[in-house]
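K.L.:
Sequence:
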Amino acid sequence: MRTSLLALLTVGALAGCADETSLLVEVTSPDLVVPDDVDALRFQVAGESGSMLDQTFSIQGAWPHSLTVLPKDSTSEAVTITVTALKAGTLVVERRVNAGFTPGLQRRIDVALTGSCVGVMCGAGETCSDGRCVPDLLDGGVDGGMDAGMDGGEIVDTGVRDTGVRDTGVDDTGVPDTGVLDTGLPDTGLPDSGLAPPELLFTEYIEGSGNNKALEIQNLGSMPFDLGRCQIQRYTNGATTFLSIPLTGTVAPGALHVICNTSIDVSTSCDQTTGSLNHNGDDALALHCDGDATPIDSFGRVGEDPGTEWGTSPSSLDHVLTRQCGLTMGDTNPSDPFDPATEWTGRAWVSSADLAGLGTRAECP
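Per our numbering, the very first residue in the sequence shown carries number 66; after that it's consecutive.
Hints were generated in silico from the structure; no laboratory data involved.
Each hint should be verified, as a subset may be incorrect.
As the list claims (entries may be wrong) - Using 20 Å as the maximum straight-line C-alpha spacing, the simulated EDC-like pairs for lysine to aspartate or glutamate come out as follows:
1. K152 / D119
2. K152 / D101
3. K152 / D104
4. K137 / D119
5. K137 / D104
6. K152 / E91
7. K152 / D102
8. K152 / D96
9. K137 / E85
Using the sequences plus the hints, can you model the full thing?
P.N.:
Structure below.
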């Protein structure tokens with residue numbers, strides 16, 4: 066039972082029309098409590114013509130809370146609905162879905178706000194699901210998106226929540242489940258998660274003079290990989306606590322992603338820059354994805370202060386290091402003894418000309 070119908074908002078000039086065409090946006094949460102965690106909801110609706118609605122409501126009582134949106138002049142216009150949960154005016158969690166109107170019918174769009182997405186900020190065209198940034202959902206992941214019209218039984222899908230569960234394996238070409246033709250009942254399956262397992266490797270390490278710091282990461286997998294699922298953890302001077310450096314962008318199969326200090330001398334090869342990448346020769350680094358406590362790869366030894374550097378020839382101080390060719394798996398134990406000579410080759414840093422090899426992997430023909 067709906068406990069709160071926030072408003073009936075007309076996006077355009079159809080107020081008072083007897084047409085039942087509308088979207089019922091129903092917001093719920095399995096683990097966020099009103100008003101302890103959330104005390105307001107902001108609804109934003111944008112169409113092909115731009116912003117159509119932006120309104121915030123205070124909420125009380127248990128979930129769900131809902132809002133009805135009427136179409137503008139044309140029911141064929143697709144819309145993006147953004148629901149933002151707020152606490153004392155501060156963003157708690159945000160969810161975004163794409164949807165469309167069905168003439169003569171009210172379509173229900175279910176939006177679930179989960180604690181796993183608190184603090185997760187996604188880029189344009191993405192929304193948070195299970196603590197990860199994924200492409201914007203169609204109808205909130207309800208029925209795989211807008212129907213092309215009538216199905217074989219001449220019955221329009223009403224957009225009721227699917228009863229199936231999300232795939233957990235990696236089939237995975239990103240193709241949605243085929244499900245069953247609509248018969249007026251809920252679809253039987255949700256889209257694939259589309260998440261490939263992380264197969265990433267540190268392939269170049271630069272610890273040069275001043276702000277000449279960089280790391281190169283290669284995608285060894287067979288699918289494009291969303292680096293927004295990952296972070297580099299930097300442990301300074303033997304510390305066991307870390308500074309998190311979030312990664313951004315998507316790296317193609319076999320391709321490289323280069324992250325650099327913002328003030329590096331030559332940034333031509335940098336895919337991402339940040340002032341947080343300012344490691345020295347005695348700082349350990351670990352690459353973590355999907356919130357897993359075990360890293361995908363690591364450099365240095367967490368918890369050990371080697372003085373100024375690990376190794377001698379090559380060393381982690383004032384050096385350009387490249388990973389040995391043929392490796393298919395990173396160092397997943399960041400606490401084991403570390404000597405760069407085991408898996409790395411390199412040369413002493415001389416000048417910014419040493420940045421020329423970033424992003425090429427030319428050392429592995």
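K.L.:
With reference to the structure, classify each hint as holding or not holding.
P.N.:
Comparing the hints with the structure gives:
Proposed proximity of K152 and D119 is supported: the alpha carbons are some 17 Å apart, at most 20 Å. Using a Cα cut-off of 20 Å, the hinted pair K152 and D101 holds, with the two alpha carbons roughly 8 Å apart. For the proposed pair K152 and D104, the alpha carbon gap of about 5 Å is at most 20 Å, so the pair holds. Among the hinted pairs, K137 with D119 is consistent with the structure: their alpha-carbon atoms are about 15 Å apart, no more than 20 Å.
For a cut-off of 20 Å, the pair hint linking K137 to D104 is broken: about 29 Å separates their Cα positions. The hinted pair formed by K152 and E91 meets the criterion: a straight-line CA distance of about 19 Å does not exceed 20 Å. Pair hint K152 plus D102 holds up; C-alpha atoms about 6 Å apart against a cutoff of 20 Å. About 15 Å separates the Cα atoms of K152 and D96, which keeps this hinted pair within 20 Å; it holds.
For the hint linking K137 to E85, the alpha-carbon distance of about 13 Å falls within 20 Å, and the restraint holds.
This entry does not satisfy hint 5, going by the numbered hints stated previously; all others are met.
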